[in-house]
Amino acid sequence: MYTLRVSKKVKSRLHLDFRPDDQDTEVVRLVAHGAQRVDIGQGDQSWVVLADPEGNEFCVLGQRRQ
Numbered sequence: 227m228y229t230l231r232v233s234k235k236v237k238s239r240l241h242l243d244f245r246p247d248d249q250d251t252e253v254v255r256l257v258a259h260g261a262q263r264v265d266i267g268q269g270d271q272s273w274v275v276l277a278d279p280e281g282n283e284f285c286v287l288g289q290r291r292q
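Oh and the sequence shown: position 29 is 255 in this note's numbering, straight run, nothing missing.
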């Protein structure tokens, strides 16, 4: 098996949302492991959009309102 790196041209077919206990700590941890922040024009939202090293985007959500 090998990795084929191609530029992203379409939206990811799968999108994951994560809701950790501590959003800020989790974002720092994910970035330390190779994720990158992605600006998709989301503005001032409670979630952070990241992409893995292959460009697959995912969101890290804030705590659920109770």
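Hints should not be assumed to be uniformly reliable.
Claimed, not checked - Label-pair restraints from in silico Cβ distances: (1) Arg239 to Arg291: 24 to 32 Å; (2) Gly260 to Arg291: 18 to 26 Å; (3) Arg245 to Asn282: 12 to 20 Å; (4) Gln262 to Arg239: 17 to 25 Å; (5) Asp250 to Asp278: 25 to 33 Å; (6) Thr251 to Gln271: 15 to 23 Å; (7) Thr251 to Arg291: 13 to 21 Å; (8) Asn282 to Val254: 18 to 26 Å; (9) Val257 to Gln289: 18 to 26 Å; (10) Asp243 to Asp270: 14 to 22 Å; (11) Gly281 to Arg255: 29 to 37 Å; (12) Arg263 to Leu240: 26 to 34 Å.
If you're looking for bench data, these hints aren't it; they were derived computationally from the structure.
Nothing here was measured: the structure is a model prediction, and the numbers come from that model.
Even glycine gets a Cβ: it sits at the ideal position worked out from N, Cα and C.
Structure-based check of all given hints:
| no. | hint | result |
| --- | --- | --- |
| 1 | Arg239 to Arg291: 24 to 32 Å | holds (30 Å) |
| 2 | Gly260 to Arg291: 18 to 26 Å | violated (31 Å) |
| 3 | Arg245 to Asn282: 12 to 20 Å | holds (18 Å) |
| 4 | Gln262 to Arg239: 17 to 25 Å | holds (19 Å) |
| 5 | Asp250 to Asp278: 25 to 33 Å | violated (19 Å) |
| 6 | Thr251 to Gln271: 15 to 23 Å | holds (19 Å) |
| 7 | Thr251 to Arg291: 13 to 21 Å | holds (19 Å) |
| 8 | Asn282 to Val254: 18 to 26 Å | holds (19 Å) |
| 9 | Val257 to Gln289: 18 to 26 Å | holds (19 Å) |
| 10 | Asp243 to Asp270: 14 to 22 Å | holds (18 Å) |
| 11 | Gly281 to Arg255: 29 to 37 Å | violated (20 Å) |
| 12 | Arg263 to Leu240: 26 to 34 Å | violated (20 Å) |
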